Amino acid sequence: MTASERLDATFAALADPTRRAILARLASGDASVNELAEPFDMSQPAISKHLKVLERAGLISRGRDAQRRPRRLEPKPLADATRWLERYRALWEANFRRLDTLLATMQRQDERRYKRTKGTVR
Amino acid sequence: MTDPRTLHIATPTDREIVMTRIFDAPRQLVFDALTKPALLEQWLEAPGRSFDLCEIDLKPGGAYHFVWRGPGKKDVGTRGVYREVVTGERIVNSETWDDWDAGEILVTTELVEQDGRTTLTSTSVYPSKDVRDAILKSGLEPGASQNYDRLAELVASVAEAQGTAPSVK
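Top to bottom, those sequences are chains A and B.
With my numbering, letter number 73 in the first sequence gets 73, and the count goes up by one each step, no holes.
Plus 1000 on top of the position in the second sequence (first one is 1) and you've got my numbering.
I should point out that these hints are in silico values taken from the structure, not numbers from a laboratory.
Bear in mind that the values here come from a model prediction, so they are computed numbers and not experimental data.
Each residue gets a CB set at the ideal place from its N, CA and C atoms; glycine is no exception.
Keep in mind that the hints are not guaranteed to be accurate.
As the list claims (entries may be wrong) - Covered stretches of chain B, going by a simulated chain A footprint (3 or more residues, C-beta under 8 Å):
| id | region |
| --- | --- |
| 1 | 1015-1024 |
| 2 | 1038-1045 |
| 3 | 1095-1104 |
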């Protein structure tokens, strides 16, 4: 997979609320399929399907324990996706911070102009 | 406490990006800063480039054309036509990118003032999900996913669980 395809896979995997909830649960520790299925009103096969999507996207992996096959969160793709998003977000934040500065300058100029106008009227 | 000036980015549908940002200024000033070349040139930048051309004919049917240039970088150009202009309140315009035949984007910018502060909402509707995603990746437009906020939350909770600060801020 190219970096761009990996990002697509990450975002596709994150597009579903159940999968996000699964990841949030795994953030606090490894869990078996049964444990993951528990909080959801869903059959185990349905959960397994979500897990497969997450696994394909590289967001989770399987632990060594052959009995429980606990799922584990793989933080790297998430961090990559965040970095990617942050870069573009940072771009607009920088633009808008410059706009903040400009607006402050414009307001100061407006006040001065207003005071001057008042002065002439008087 | 969160800064009221935090930038919010959402993608409510597959073809949209919505940006919301509060500015500590009356809306007429924000409107001017968005529509007067001499002001726009002072804050709007493409990555690593600054304005080389900034033409605006602000009226329905009027056109704009922006070009950014940077050392060792390919020029970036965008242009469009104003469909609606309500001074201080609302602008609707088309947007296309030079050298990229991806179709027309429809941008609606709205300004709402309350207690001397202005909320800017910018909604871009793209011809397809592919085009929107490509724009997100290009860095010319803000980045977001269908669930940026949730992703951020998730990363924060992962970092917390692992007892580490997120590697990206």
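Here is what the structure says about each hint:
For the region 1015-1024 of chain B, the assignment as covered by chain A holds, since 4 residues bring a beta-carbon within under 8 Å of that chain's beta-carbons and 3 suffice. For a cut-off of 8 Å, the count of residues in the region 1038-1045 of chain B with a CB near a CB of chain A stands at 5, and the three-residue condition holds. Counting residues of the region 1095-1104 of chain B whose beta-carbon sits less than 8 Å from any beta-carbon of chain A gives 0, not enough to reach three: the coverage restraint is violated.
In this structure, only the earlier hint numbered 3 is contradicted, and the remaining ones agree with it.
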